[in-house]
Structures are given as C-alpha cells and as structure tokens.
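*Asks:* Each chain is listed here by its residues.
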Amino acid sequence: MATKVVMPKLGATMEQGTIVNWLVKVGEKVEYGEPLVEVLTDKVNIEVEAEMDGVLLKTCFEAEEVVQVHDVIAYIGEEGEVIEDTEDETLQQASASSNSGAQETTKEIIPEKLTGTESQAKIRRTPAARKLAKENNLSLEIVQGTGPKGRIQKADVEEHLRYSIQKTKATPLAKKIAHSNHLDLGQIQGSGVNGKVVRDDVLKHSKAEMDASVHAVKKTSFTGMRKVIADRMVQSAYTAPHVTLTSEIDMTNCVNMRKELLPIIEKQNGYRLSFNEVIVKAVAHTLQNHLSLNVSLQNDEIIHYSTINIGFAVAVPNGLVVPVVKNANQKGLAAITEECKTLGSLAREGKLLPDHMKDGTFTISNLGMYAVDAFTPIINQPEAAILGVGRIQEKPVGVNGEIKLRSMMTLSLSFDHRIVDGAPAAEFLTDLKNVLENPYKLII
Amino acid sequence: MRNITYVEAIREAMSQEMRANQDVFILGEDIGIYGGAFGVTNGMIEEFGPERVRNTPISEAAISGCAVGAAMTGMRPILELQFSDFITIAMDNIVNQAAKMRYMFGGKANVPVVIRTPGGSGAGFAAQHSQSLEAWMAHIPGLKVVQPSTPYDAKGLLKAAINDDNPVMFYEHKMLYGVRGDVPEETYEIPLGKADIKKEGTDVTIVATSMMVHKSLEAAKLLEEEGISVEVIDPRTLVPLDKETILHSVRKTGRVIVVYEAVKRGGYGAEIASMIGESDVFDYLDAPIMRLGGRAVPMPYNAFLEQKAVPQVEDIVQACKTIMNK
Chain A
2 MATKVVMPKL GATMEQGTIV NWLVKVGEKV EYGEPLVEVL TDKVNIEVEA EMDGVLLKTC
62 FEAEEVVQVH DVIAYIGEEG EVIEDTEDET LQQASASSNS GAQETTKEII PEKLTGTESQ
122 AKIRRTPAAR KLAKENNLSL EIVQGTGPKG RIQKADVEEH LRYSIQKTKA TPLAKKIAHS
182 NHLDLGQIQG SGVNGKVVRD DVLKHSKAEM DASVHAVKKT SFTGMRKVIA DRMVQSAYTA
242 PHVTLTSEID MTNCVNMRKE LLPIIEKQNG YRLSFNEVIV KAVAHTLQNH LSLNVSLQND
302 EIIHYSTINI GFAVAVPNGL VVPVVKNANQ KGLAAITEEC KTLGSLAREG KLLPDHMKDG
362 TFTISNLGMY AVDAFTPIIN QPEAAILGVG RIQEKPVGVN GEIKLRSMMT LSLSFDHRIV
422 DGAPAAEFLT DLKNVLENPY KLII
Chain B
2 MRNITYVEAI REAMSQEMRA NQDVFILGED IGIYGGAFGV TNGMIEEFGP ERVRNTPISE
62 AAISGCAVGA AMTGMRPILE LQFSDFITIA MDNIVNQAAK MRYMFGGKAN VPVVIRTPGG
122 SGAGFAAQHS QSLEAWMAHI PGLKVVQPST PYDAKGLLKA AINDDNPVMF YEHKMLYGVR
182 GDVPEETYEI PLGKADIKKE GTDVTIVATS MMVHKSLEAA KLLEEEGISV EVIDPRTLVP
242 LDKETILHSV RKTGRVIVVY EAVKRGGYGA EIASMIGESD VFDYLDAPIM RLGGRAVPMP
302 YNAFLEQKAV PQVEDIVQAC KTIMNK
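Protein chains in written order, with our numbering: chain A, 2 to 445; chain B, 2 to 327.
The set of hints was computed from the structure by calculation and includes no laboratory data.
Note that the structure is predicted; figures quoted are calculated from it, not measured.
Here a beta-carbon is modelled for each residue, glycine too, at the ideal position from N, C-alpha and C.
With a cut-off of at most 30 Å between alpha-carbon atoms, the simulated DSSO-like pairs for lysine-lysine come out as follows:
id, chain 1, residue 1, chain 2, residue 2
1, A, Lys228, A, Lys150
2, A, Lys132, B, Lys253
3, B, Lys253, A, Lys170
4, A, Lys150, B, Lys322
5, B, Lys244, A, Lys135
6, A, Lys220, A, Lys10
7, B, Lys200, B, Lys253
8, B, Lys265, B, Lys244
9, B, Lys327, A, Lys132
10, B, Lys253, A, Lys135
11, A, Lys132, B, Lys200
12, A, Lys359, A, Lys342
13, B, Lys327, A, Lys150
14, B, Lys253, A, Lys176
15, B, Lys253, A, Lys177
16, A, Lys176, A, Lys197
17, B, Lys327, A, Lys10
18, A, Lys352, A, Lys59
19, A, Lys132, B, Lys199
20, A, Lys132, B, Lys244
21, A, Lys135, B, Lys322
22, B, Lys253, A, Lys150
23, B, Lys244, B, Lys327
24, B, Lys322, A, Lys132
25, A, Lys352, A, Lys10
26, B, Lys265, A, Lys150
27, A, Lys205, A, Lys170
28, B, Lys222, B, Lys327
29, B, Lys327, A, Lys135
30, A, Lys208, A, Lys197
31, B, Lys244, B, Lys222
32, A, Lys359, A, Lys327
Rough simulated footprint, nothing fancy, chain B against chain A, three-plus residues with beta-carbon under 8 Å:
id, stretch
33, 124 to 134
34, 146 to 155
Sample of chain B residues at the chain A side, in silico, Cβ under 8 Å:
id, residue
35, Phe283
36, Asp284
37, Tyr285
38, Leu286
39, Asp287
40, Ala288
Hey, can you work out the whole structure from these sequences and the hints?
*Replies:* Structure below.
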C-alpha cells in the first residue's frame, strides 16, 4: 500500500505552500529522513523529509505550484506499485457512462472535472444563487461561495449584493456594461451624483484595465510570501492605530565608536560591525528600562515580555523577512554582530527556519543604506512598536553656539496607540537618542 | 371537538358512508365478529349485519376479484387487506383489472373500490408484514393512492375515496392506529389531491408521508430550538399529487428534503424530488434536493435493527442540518 505524502503545516498561520522543487525523481528510492521536496512556506524554504523508506511513486504537483496544507503531494510505496490517477479515472468513467446509458457506475462522477476547461462550469452554484445573480446583473465569478465544496448559495449572493450595494451605486446601464464585461462595480470609482457609477466610469475602467494588460510585461500570481506580507501589512495598518514619532540623533560618537570597535570585533570573530548591530544593541539596552513597549496584543490580552528579542527586517528577493536576535540585551556587540550577519545571510539564501523568526518583541527596519531620512514603518504585529532607521548624513548642527558638521540620523518610532501611549513612547525614543549619542553607555 | 383515534376515525368514515349509501359494503378476512386484524371494523357487524360486513376466505386473490367484480356491477366495496404486504396476491385483480377497466371499456365501466390496508414498520412484524409498497401502486395508471397521517385526514380522505368512482389504494399505517386527534363528528370530505401544510416554516421544506409526518414534526420542533425553521408538507395523496402546495413551499424555502419510510431506492420520494427538479421552482433551489428513505433491506424482526432500517427523528434533524450547511 502506497503512503500519501501531504503538504505539511509548518507554522500556525500556514495555509498553503509552494513546491520549489522535487529533490527526488519519480521512480527513485528514498530513505526515511532523506530530503524529498523543497517547499516555500509563508516566508521560508524548507526541505521536507521522507517519512518512510520506499520508492517515490508519483508526484502530484510541479515546481511553483501552490498547494493547500494537508493536500496529497506525492506517494511513496513499493517498487512497481501503480497509483491510480483518480482524475483520469473519473474522466474515463464519465465518458464511458455517457456512451452507454445503461451502464451503471458505482463511483460518483464529479462533473466539474469534465467541464474544467470552461471557467463558468468551475463555479459551483445553486439554482437560487444563479437566479438572484441574474436578476441583479451580477457575475457569479466575483462571488465567494461558502457552501459545501465552495458552492455559491443564495445567502452568498445576498451578502455580496448587500456589500456592493452599500459600496457602490450605479446606473442600470453601467451595471449592464459591467456585468457583460465581468467587471466588479465595487472596483470602479463613480463620478456621478453621490459617487454613483455611470456608463463613462465603467468604460474608462474597462479601458484602463485593457491598457494595463497591454502594457503589462508579465503577470505573477499574488501568492506565497507576497500574499503573506500583503495580508500582514494590511491587517497591521488597519487594526493598529499607528502613531509615528521622529527624532534626529547625533551619531558622531557612534561613528567613532564603530571605527574603533570594527577591527577588534573582526579580529575576534571575522564579522564586520555595522551600524545596524549598534542600533540593535542600543534598542535592546534601552528597552530594558521601557518594558511597556516590550509587549504584544493577542486575543484581547496584553502580554508583557521579560525577554527582549529584537527582529530586524531583511530584504530578500520578492519580499522581506524578519529574523530575530533573542535576548539581545544580554549579548555583547561582537555576539550580536555575529548573529545578525549569520541570520542575514541565511535570510538572503532563503534558508531561515521558522524558529529564526519566532518570538520577536520589537522590530527594527533599517533603510539607512538608501537615500531615506525618515519614514513611517508599519508595526510587525503582534508587537507594539517598530523603529525605522534612516541614513547617517553629515549636517551642519549648532553645538555650543557654533555651527559644526555632525553625523546626523533620523529615527522613526511607530507604536500601536491601543496599548502604548505617546509619553512612554517619547520617553523611550529620548532615552534611545541619549544612548546612541553617548554609546559608551552600552558597555557600562 | 372530539379527540378520537385513527382507528375510530376510519371506522366512523365507513359507518357514516354505509348509513348514507346502501351500495357501500365492506369485505375482508376476519372483519366480522373479530373486527379485523387491527380492530378497525369492531362492532360494525352488529350495526350493518353480515350482508354488508362480509367475512371472506383467506384468499386475497378471491377477495380482490370479488370486490372488483362488485364494483363494476354497481356496488361500492371497501376491501380490507390485513397487511399491505399481501397485495402481491391481489396484484392481478388490482393492477391488471381494476386499474384498467374504465379505460378499456371507453368509460362505460367504473370500478369504485377502496382497498384499505395497513403498511409500515415499527410493530416488530418482520419482513413480510412491515413493508411500505405504495410506490408500486403509484406507478400504475388508473389507481389513486392515499396515505393519511392523522385521524382527521383519515376520516375525510376515506370518505372521498369511497365516493370516488375509481379504484383507490388507501394505505393506513399500523403504528398510527392508536394516534389521537381532533375529528369532527359530522360528515366531511378531504378532496384527493390536496396536500396539507402540517407546520409552516421558512428554511427547509420537508415533504413527508404517513408516519414520517409525525417524525418530521418532532424533528422540526428540535430544529426550531437551533434556529432552523422547517415547513412540513404532507401530500396526503400520492396520486393525484398536489404539486402546487409542494412547489409553493419549496419556492419559499429554497431547500427540500423528501422523507418517506419506504425503501429509498425507487421510492415515491424520488418522484416528488424529480417533480420539483423538473419544475420552474428549480431556479429557487439553494441546495440539492435530498431524499431520506428506508434502507434497502428486508424489514428486520429485531426491534433495534427495525428502527435502524427507516428514518428516525435524529436522522431528519441531521439531514436538515446538512442541507442548511450547518
């Protein structure tokens, strides 16, 4: 009996994974524990190991295909075993029974497989849903079904209509044109009275869509990491009231300290100290006295953490990830440098493990390598705050009645105003400024 | 109003019609002094005498042949078959003779016979005395098929059946004989082909017959507590079928479950389901039409297995939840 290999659930939020590539070919032997397939989860690539000895009999998905968690992706069994292709079987059965009406089949025929080429036929919908949609000139392609197997039921259409009526008012002609072109009226900006969508709006929208498709070089699916990042950003931006405080820091002392420490640390462990690590250390150090920011809001509870785990955003191809330096306040600059550098290169190679990104309590987003002075970072939920770091630039600054050139840098602290108030956030930023301007405090 | 049993209601219908019309008489095995297998004709021989309450030999073929012949020659016989299962022995007379005479004689002969017979399970009478074979008869052109579920319906429908000029199969349910209900003393008829809404509701229509009407009502009460509103329709007569009432209800609820005690496969519930699917109410369906019927097994003698063989209240509750996607 062949054993099914399913898409593993590798994180609490993981709902689907992308097959990156098969590490074993169909027909080859695999051993227990041997890497079988590389899977891209929300944010990382993971090698999934075989859970038994045997021969890889069949793979159900090609590279780059997105698979729901727990769906069967392959079969492992004994050599020579044949895995029936259920889809083909269904097709054969269906055509056989349509050829001779008298033939009785005991297996249920799934009609959707037969007409899979027609996009309309893929949608399961009840007659009542179809009728209501027709009466309202609504294309069922844009309605989400909640019935068995995603079947669109009357209630789904009603819900959609309620939502879109709330959202969009449109003239009958506009509705008709939108319907015949499969356009969602909700997406169209109305220029009529009270924002009513009129014919021209629909035509303009339709033309814009066409133009967009003409100019588009290629289309990529909005799935995997891109989708996860998008969902989290939207969720964070919409649920947490963001307030951003900015402060200009005189980094001259830090620049000097880095110059002094860089060769020492490099000699010690081979890694080059950068400002990022200095800031990680400074933030962790300051947070110790501002634990009211070291919290998270989860399920209507504010969780206070005693450990300080600093995440730092790393840009990777097609997205960004946030590896975490755990207990950063207890580590020296050399150790933090080593850890940040290691995590950074793992991140860029796509080899971070879920553990590397777990349990962060505060995040730093550093755009200092670009021509960016200040920005509004979006909080990495469920954390309570995030620090945006701008570039260091020499600026003329008044020092004791004289104008001097100093290395200046702007920090932007976004905090979740539901759980953190302005004053404690401001105090934290003030103390952080103080530490960075007098960096030797870090070694006291 | 009086509260009487299903048995009493049937007896009263027959007695009233026999008093009103000298052509009406009853015949069957042990229906005289013994009062019939279920006591339906208790005391009737005292009032009407052995001429009009005729005990017969134990031969369903003979009794049915006699009844059909009497009907053709101007009488209005009511035939009692002790168990509906025994209809197999009377089959030729009913299916090949009674059902076709009027048609074959160009309307010059009527067969106003009523064949009363108890069907259904629940009494532990095992495989040869517990079947629900009404679909067989509903299949035959020329026969009317009646399945009353309450004493009130039983009286009104039986009177209509007796006064109908066509052969009528009148299926009683042996477990309903003791059920009580309000029945007016005066004479009244319920026209054949008129369904009854036993309970109004908005979410799911249950079309149920005979015993299943009561089980469906019980299920509806439980579902009400969970916020599912069930409408229970009792067609009362399978032939003619009141399509309008059923379709109107399904149009309202968008969901329908047909519940019947007979074996699901090939049962009359399939006819009702198809009728809905073929009608213009199709466009109002918000879920596939469901059937809930008996299992394809000979009725077990063992009481527990007997229960398992036909739909129970909890099965109906579950079906409603399934169709409601809950």
